[in-house]
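S.K.: Build out the structure end to end from the sequences listed, making use of the hints.
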Amino acid sequence: MEHNMQQAARPDIRTADGFAAAVKQTERLLFAASYAILGNGDACADVVQGALMKAWEHRGSLKNGAQFKSWLVQIVQNESKNFLRRKPNLPLDENIPSAEEDQNHIDVKQAVNALPESARLIVMLYYFERYSVKDICGLLDLPEGTVHSRLARAREQLRKELPDYANVR
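Residue numbers (UniProt numbering): 1 to 169.
These are calculated hints, taken from the structure and not from any lab test.
All figures in this text were calculated on a predicted structure; none of them were measured in a lab.
Take these hints with a grain of salt, some might be off.
In silico DSSO-like pairs for lysine-lysine, Cα to Cα no more than 30 Å straight-line [what the hints assert, rightly or not]: (1) 134 to 160; (2) 109 to 134; (3) 24 to 87; (4) 24 to 63; (5) 109 to 24; (6) 134 to 24; (7) 69 to 87; (8) 109 to 87; (9) 69 to 109; (10) 87 to 54; (11) 54 to 134; (12) 109 to 160; (13) 81 to 109; (14) 63 to 109; (15) 160 to 69; (16) 69 to 81; (17) 63 to 81; (18) 134 to 63; (19) 54 to 81; (20) 160 to 54; (21) 81 to 24; (22) 81 to 134; (23) 54 to 69; (24) 24 to 69.
Computed beta-carbon distance windows for the label pairs [claimed, not checked]: (25) 134 to 89: 35 to 41 Å; (26) 46 to 17: 21 to 27 Å; (27) 155 to 70: 23 to 29 Å; (28) 45 to 144: 29 to 35 Å.
By construction, the Cβ of each residue, glycine as well, lies at the ideal position given by its N, Cα and C atoms.
M.R.: And the structure:
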């Protein structure tokens with residue numbers, strides 16, 4: 001019964017309105033997935049837009065609508081990697097402090113950007129987007145142990161990079 005209720009609440013991605021509604025629910029996730037690879041907000045916006053166009057064109061290939069988020073994240077990751085291959089010298093976003101971003105935020109941002117790509121996305125989803133480990137497993141199609149171990153390795157690397165933030169959890 002619960003499965004039927006979830007299915008009824010899930011937009012039909014075969015229609016333009018349903019696709020748009022489903023995408024609206026994943027916008028931040030898609031941007032985070034691209035940013036974890038590119039580190040450049042302007043490039044991420046372009047890549048996500050292109051990935052959404054590709055997803056719309058190939059939406060018929062998605063067999064299970066419940067897998068929409070992970071399918072879309074995979075497309076965004078692939079498009080981000082392709083973009084990076086075409087433009088390997090893509091500049092990272094400027095690290096100039098603004099009113100809301102002080103030096104501490106810059107230090108953390110730089111340390112996270114220095115993480116391996118496989119850990120960077122998991123860290124961004126877990127800490128910045130507040131996804132649970134279980135949700136991350138579903139989105140990235142990874143075993144729970146893999147997500148936990150990548151988080152642990154990332155925390156250790158962040159502790160080394162940010163000794164003033166020794167209580168990273």
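S.K.: Each hint needs a verdict: does it hold in this structure or not?
M.R.: Against the structure, the hints:
1. 134 to 160: With Cα atoms ~27 Å apart, residue 134 and residue 160 stay inside 30 Å; holds.
2. 109 to 134: 24 Å, holds
3. 24 to 87: Roughly 28 Å between the alpha carbons, so the hint for residue 24 and residue 87 holds.
4. 24 to 63: 21 Å, holds
5. 109 to 24: 26 Å, holds
6. 134 to 24: 21 Å, holds
7. 69 to 87: 27 Å, holds
8. 109 to 87: Satisfied, since the Cα-Cα distance of roughly 22 Å is no more than 30 Å.
9. 69 to 109: 25 Å, holds
10. 87 to 54: 20 Å, holds
11. 54 to 134: 27 Å, holds
12. 109 to 160: 14 Å, holds
13. 81 to 109: The hint holds at about 20 Å.
14. 63 to 109: Violated: residue 63 and residue 109 sit about 37 Å apart, past 30 Å.
15. 160 to 69: 33 Å, violated
16. 69 to 81: Status holds; Cα separation ~18 Å.
17. 63 to 81: Holds, at roughly 24 Å.
18. 134 to 63: With a Cα-Cα distance of about 22 Å, the restraint between residue 134 and residue 63 holds, given a limit of 30 Å.
19. 54 to 81: 15 Å, holds
20. 160 to 54: 40 Å, violated
21. 81 to 24: OK: residue 81 and residue 24 at ~23 Å, within 30 Å.
22. 81 to 134: OK: residue 81 and residue 134 at ~25 Å, within 30 Å.
23. 54 to 69: Within the cut-off at roughly 14 Å; holds.
24. 24 to 69: 11 Å, holds
25. 134 to 89: 35 to 41 Å: Hint holds: Cβ distance 38 Å, inside 35 to 41 Å.
26. 46 to 17: 21 to 27 Å: Holds: the Cβ-Cβ distance is about 24 Å, inside 21 to 27 Å.
27. 155 to 70: 23 to 29 Å: 24 Å, holds
28. 45 to 144: 29 to 35 Å: About 32 Å separates the Cβ atoms of residue 45 and residue 144, which means 29 to 35 Å holds.
The structure fails to meet hints 14, 15 and 20 from the earlier list, while all remaining hints are met.
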